[in-house]
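Please take these sequences and the hints and turn them into a complete structure.
2 protein chains.
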Amino acid sequence: MYIHEITKPDGRNLTLYSRRPIARNIGPSLLSAPSEGINPHLRWHPLRGEWVAYAAYRQGRTFLPPPEYNPFAPSADPRNPTELPTGDYDIAVFDNRFPTLTSAAHNPPQSIVVTRPAKGHCEVVVFTQDPQGSLGGLPLDHIELLLQVWGHRTEMLSAAKQVQYVLPFENRGVEVGVTLHHPHGQIYGYPMVPPVPQRINDNEIAHFGTTGRPLLQDLIAAELAHGERVIYQGNHAIAFVPAWARYPYEVWIAPVEAAPYLSALRSEQREDLARALKTVLLKYDKLWQRPFPYLMAWYQAPTDKRPHPESHLHAEFYPPYRTRDKLKYLAGTELAAGLFANDTLPEDTARELRSVEVIF
Amino acid sequence: MYIHEITKPDGRNLTLYSRRPIARNIGPSLLSAPSEGINPHLRWHPLRGEWVAYAAYRQGRTFLPPPEYNPFAPSADPRNPTELPTGDYDIAVFDNRFPTLTSAAHNPPQSIVVTRPAKGHCEVVVFTQDPQGSLGGLPLDHIELLLQVWGHRTEMLSAAKQVQYVLPFENRGVEVGVTLHHPHGQIYGYPMVPPVPQRINDNEIAHFGTTGRPLLQDLIAAELAHGERVIYQGNHAIAFVPAWARYPYEVWIAPVEAAPYLSALRSEQREDLARALKTVLLKYDKLWQRPFPYLMAWYQAPTDKRPHPESHLHAEFYPPYRTRDKLKYLAGTELAAGLFANDTLPEDTARELRSVEVIF
Numbered sequence: 140m141y142i143h144e145i146t147k148p149d150g151r152n153l154t155l156y157s158r159r160p161i162a163r164n165i166g167p168s169l170l171s172a173p174s175e176g177i178n179p180h181l182r183w184h185p186l187r188g189e190w191v192a193y194a195a196y197r198q199g200r201t202f203l204p205p206p207e208y209n210p211f212a213p214s215a216d217p218r219n220p221t222e223l224p225t226g227d228y229d230i231a232v233f234d235n236r237f238p239t240l241t242s243a244a245h246n247p248p249q250s251i252v253v254t255r256p257a258k259g260h261c262e263v264v265v266f267t268q269d270p271q272g273s274l275g276g277l278p279l280d281h282i283e284l285l286l287q288v289w290g291h292r293t294e295m296l297s298a299a300k301q302v303q304y305v306l307p308f309e310n311r312g313v314e315v316g317v318t319l320h321h322p323h324g325q326i327y328g329y330p331m332v333p334p335v336p337q338r339i340n341d342n343e344i345a346h347f348g349t350t351g352r353p354l355l356q357d358l359i360a361a362e363l364a365h366g367e368r369v370i371y372q373g374n375h376a377i378a379f380v381p382a383w384a385r386y387p388y389e390v391w392i393a394p395v396e397a398a399p400y401l402s403a404l405r406s407e408q409r410e411d412l413a414r415a416l417k418t419v420l421l422k423y424d425k426l427w428q429r430p431f432p433y434l435m436a437w438y439q440a441p442t443d444k445r446p447h448p449e450s451h452l453h454a455e456f457y458p459p460y461r462t463r464d465k466l467k468y469l470a471g472t473e474l475a476a477g478l479f480a481n482d483t484l485p486e487d488t489a490r491e492l493r494s495v496e497v498i499f
Numbered sequence: 140m141y142i143h144e145i146t147k148p149d150g151r152n153l154t155l156y157s158r159r160p161i162a163r164n165i166g167p168s169l170l171s172a173p174s175e176g177i178n179p180h181l182r183w184h185p186l187r188g189e190w191v192a193y194a195a196y197r198q199g200r201t202f203l204p205p206p207e208y209n210p211f212a213p214s215a216d217p218r219n220p221t222e223l224p225t226g227d228y229d230i231a232v233f234d235n236r237f238p239t240l241t242s243a244a245h246n247p248p249q250s251i252v253v254t255r256p257a258k259g260h261c262e263v264v265v266f267t268q269d270p271q272g273s274l275g276g277l278p279l280d281h282i283e284l285l286l287q288v289w290g291h292r293t294e295m296l297s298a299a300k301q302v303q304y305v306l307p308f309e310n311r312g313v314e315v316g317v318t319l320h321h322p323h324g325q326i327y328g329y330p331m332v333p334p335v336p337q338r339i340n341d342n343e344i345a346h347f348g349t350t351g352r353p354l355l356q357d358l359i360a361a362e363l364a365h366g367e368r369v370i371y372q373g374n375h376a377i378a379f380v381p382a383w384a385r386y387p388y389e390v391w392i393a394p395v396e397a398a399p400y401l402s403a404l405r406s407e408q409r410e411d412l413a414r415a416l417k418t419v420l421l422k423y424d425k426l427w428q429r430p431f432p433y434l435m436a437w438y439q440a441p442t443d444k445r446p447h448p449e450s451h452l453h454a455e456f457y458p459p460y461r462t463r464d465k466l467k468y469l470a471g472t473e474l475a476a477g478l479f480a481n482d483t484l485p486e487d488t489a490r491e492l493r494s495v496e497v498i499f
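Quick mapping for you: the protein sequence lines, in order, are chains A and B.
For the first sequence, our numbering assigns the number 140 to the initial residue and increments by one for each residue that follows.
For the second sequence, our numbering assigns the number 140 to the initial residue and increments by one for each residue that follows.
Careful, some of the hints might be misleading.
[Unchecked claim] Label-pair ranges, simulated between beta-carbon atoms:
1. V497(A) to G176(B): 31 to 41 Å
2. P430(B) to D227(A): 46 to 56 Å
3. T350(A) to K425(B): 35 to 45 Å
4. V253(A) to R405(B): 29 to 39 Å
[As the list claims (entries may be wrong)] Cβ-to-Cβ under 10 Å is the rule here; a few derived chain B residues that face chain A:
5. Y196
6. A345
7. H346
8. G348
9. L434
10. M435
11. W437
12. A470
13. D482
In case anyone wonders, no lab produced these hints; they're calculated from the structure.
Where a beta carbon is used, it is the ideal one built from N, C-alpha and C, also for glycine.
What follows is the structure in C-alpha cells.
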C-alpha cells in the first residue's frame with residue numbers, strides 16, 4: 140500500500156492510497172470548505188441516555204448534483220474545482236466538507252440538558268476515480284486495498300485522543316439518502332463509543348467472560364455447522380444471512396477467526412474478506428438485475444487502547460427493500476419500540492442469495 | 140365513553156367506541172383473516188441483545204388499495220366485505236389481520252439462537268368512519284375519546300398476562316410506509332418491555348432514585364421555564380420541541396404532571412392533552428400547506444402491575460422531512476452507530492412551529 144498525504148489549502152487532510160507508487164508532485168485539490176460556521180455540538184438525550192449531534196449547516200450540503208458537477212471527480216481545472224486532484228492513485232480519503240463531528244468543534248451552546256462540542260472526525264472515502272463504477276465491480280486487489288485503507292484510517296483516527304470508536308460505512312442508493320453517486324463511503328470517528336457498538340461490545344464481553352471465546356466466533360461456527368444461511372465460505376472469511384437478521388436480505392461478512400480491528404487482519408484474512416465482500420456485492424446486484432441499495436457498516440472494537448480479545452470485526456448490510464418493488468419502512472415498532480419486525484425468514488433470503496451465481 | 144364488543148366470525152375481537160350510546164344490534168363485519176399460516180416467532184439477536192420478530196406471511200398484506208377497496212370503510216355489503224360494520228360509532232379497534240405478535244403464536248422453529256413464540260397483540264385503531272379525515276381534523280371531544288380508547292386498550296391488553304408493554308402509535312404518510320390512507324393507528328402489546336421503552340424506564344428509575352421526582356416532569360419544568368421551544372402550553376398539558384430532539388420538527392406532548400398510563404389520566408389532563416394534540420397536528424399540516432407525515436408514538440410505563448411513580452406518559456413525533464422537500468434519511472450514523480445527527484436546531488424548528496397560527 141502506497142500513501143501520499145496532502146493538506147488542502149483550507150486545512151483539511153487528503154490522503155491518497157494506491158497499489159502502485161504515487162507521484163510525489165500530486166498537489167492538493169482546490170475545492171474549499173466553508174471557512175466558518177462549522178461548529179457542531181452534542182446534547183444529551185436524558186430519556187434514551189444517548190448523545191444527539193447538531194450540525195445545522197449541513198442543510199446546505201451538496202444534493203445529487205448533475206454529472207458535470209461531481210465534486211469527487213478528479214479535476215485540475217481551477218474553474219471547476221473538486222475534492223480530488225488528477226493523478227495515478229486508487230483511493231482517496233479526505234475530511235468531509237460538512238462534518239457532523241470535527242476536531243474544530245468548540246463552545247457548545249448552553250441548554251437545559253448537558254452539551255459538549257461535537258469533537259471527532261468525519262471522513263469521505265472515494266473508492267475509485269471512476270464515477271460510474273461500484274465497489275463490487277472493482278478488482279479484488281483494489282477491494283483488498285480498501286480494507287487496508289479502512290484499517291489505516293482506524294489507526295490514524297484512534298491516534299487522535301478524542302476518538303473512542305471508528306465506523307467505516309457506505310450508504311448506497313437514493314433509497315438510503317445518497318447525495319452523490321460517485322462510489323464512496325464514509326468514516327466516522329466518534330468521541331464516545333456510540334450506543335449500538337457499546338451494546339455489541341457489552342454482549343461480547345459477557346460471553347467472553349463466561350466462555351473465554353468471542354461471541355461472534357461461536358455464532359459463525361454455528362452458522363458454518365448449520366450451513367443453510369451461508370452465502371460465501373472461504374478458508375478465512377464467511378458471508379451469511381444471520382439467523383437473527385433484522386432486515387430482509389441482511390448479510391454479515393466476517394473473518395472466521397476473531398480480529399478486533401481492520402488493522403489487525405492478517406493478509407490472508409484480508410484477501411479472503413475481499414473475496415467475500417465482492418461475492419456479496421455481485422450477488423446483490425445480480426439478484427434483481429439492478430444496483431442493489433444498502434447500508435454497509437463495519438463494526439470494530441472500541442479504540443480505547445485496551446486489548447479486545449472478545450471483539451470480532453464484521454460488516455453488516457441493511458438493504459432497504461423487502462421485495463423487488465417494496466421498501467421496508469422502519470416505523471412504529473422499529474423506531475419507537477426498538478423491536479424489529481422482519482417480513483422475511485433468513486433461511487428464505489439466504490436461499491435466494493445462494494442461488495445467484497457470480498463469477499470473477 | 141360507550142363500548143360495544145363483538146367477536147368476528149374468524150374469532151378476532153372488534154370493539155366499537157362512541158361518545159353516544161351504541162345500538163346493540165350492530166353485527167360483526169365480514170372480512171376474514173387468513174385461517175392459517177399466522178404463526179410469528181421471535182429470535183434472540185445475540186450481539187444487540189434484543190428480540191427480532193419474524194412474520195413472513197405479512198409480505199402479502201394489503202398495500203395502498205384503490206379507494207373503492209378500503210378495508211376500513213364501514214360496509215354492510217357481503218360482496219364487498221370490510222373490517223368495519225355500518226352503524227353509529229366513532230372509533231373502532233380490532234385485531235390486525237396480519238399481526239407481527241399474536242396470542243395464537245406457537246411452536247417456534249429451532250434455530251442456532253434462542254427462539255420463542257411471538258406472543259402478544261397487534262390491534263388496528265380506526266380513528267373515524269370518514270376515509271378522507273385526519274386525526275387533527277377531528278373535534279376535540281372525538282380526540283379526547285381516542286385518548287380514552289388508548290387507555291382502555293392499555294388496560295385490556297395489560298390484563299392479558301403475556302403483555303409487558305403497550306405502545307399506541309400512528310404511521311402517517313406514504314413517506315413512513317403507510318399502506319392504507321383511512322385515518323388509523325396501531326397498538327402493539329409486547330410480551331417483553333422492548334429495548335427503547337426499557338432504556339427510557341431505566342433512566343427514569345435512576346433519576347427518581349436520586350431526586351424522588353419523575354425525570355420528564357423535571358425536564359418539562361425546565362422547558363416551561365425556558366419557554367423558547369414550547370409549542371402549546373395549557374394548565375395540564377404541554378407540547379414542545381425537546382432540547383434533545385433527534386429528528387427535525389420532532390415534537391413531544393405530555394401532561395405537565397407525571398402519569399404512568401393513558402388510563403391513569405384525570406379528565407382535565409385528558410381534555411388538555413387533546414387540545415395539545417390537535418394544536419400540534421394542525422400546526423404540522425399548516426406548516427407546508429399539505430398533510431404532514433410523521434410517526435407518533437405514545438410511551439407509557441411497563442404493564443407489570445408494579446407502581447411506576449418515575450414514569451411519565453408522553454407522545455413523541457418523528458417527522459421524516461428535514462426541509463419542505465428533503466427527507467431525513469436514517470443512515471450510517473443513526474442506524475449503525477445509534478448516534479443521531481440532526482441538521483436542524485430544536486430552537487429553530489420550534490420557532491417555525493410557534494409562528495404557525497391555528498384556531499379551533
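Status of each hint after checking the structure:
no.	hint	result
1	V497(A) to G176(B): 31 to 41 Å	33 Å, holds
2	P430(B) to D227(A): 46 to 56 Å	53 Å, holds
3	T350(A) to K425(B): 35 to 45 Å	58 Å, violated
4	V253(A) to R405(B): 29 to 39 Å	33 Å, holds
5	Y196	8 Å, holds
6	A345	9 Å, holds
7	H346	8 Å, holds
8	G348	14 Å, violated
9	L434	6 Å, holds
10	M435	9 Å, holds
11	W437	9 Å, holds
12	A470	4 Å, holds
13	D482	4 Å, holds
In this structure, the hints that do not hold are numbers 3 and 8, in rising order.
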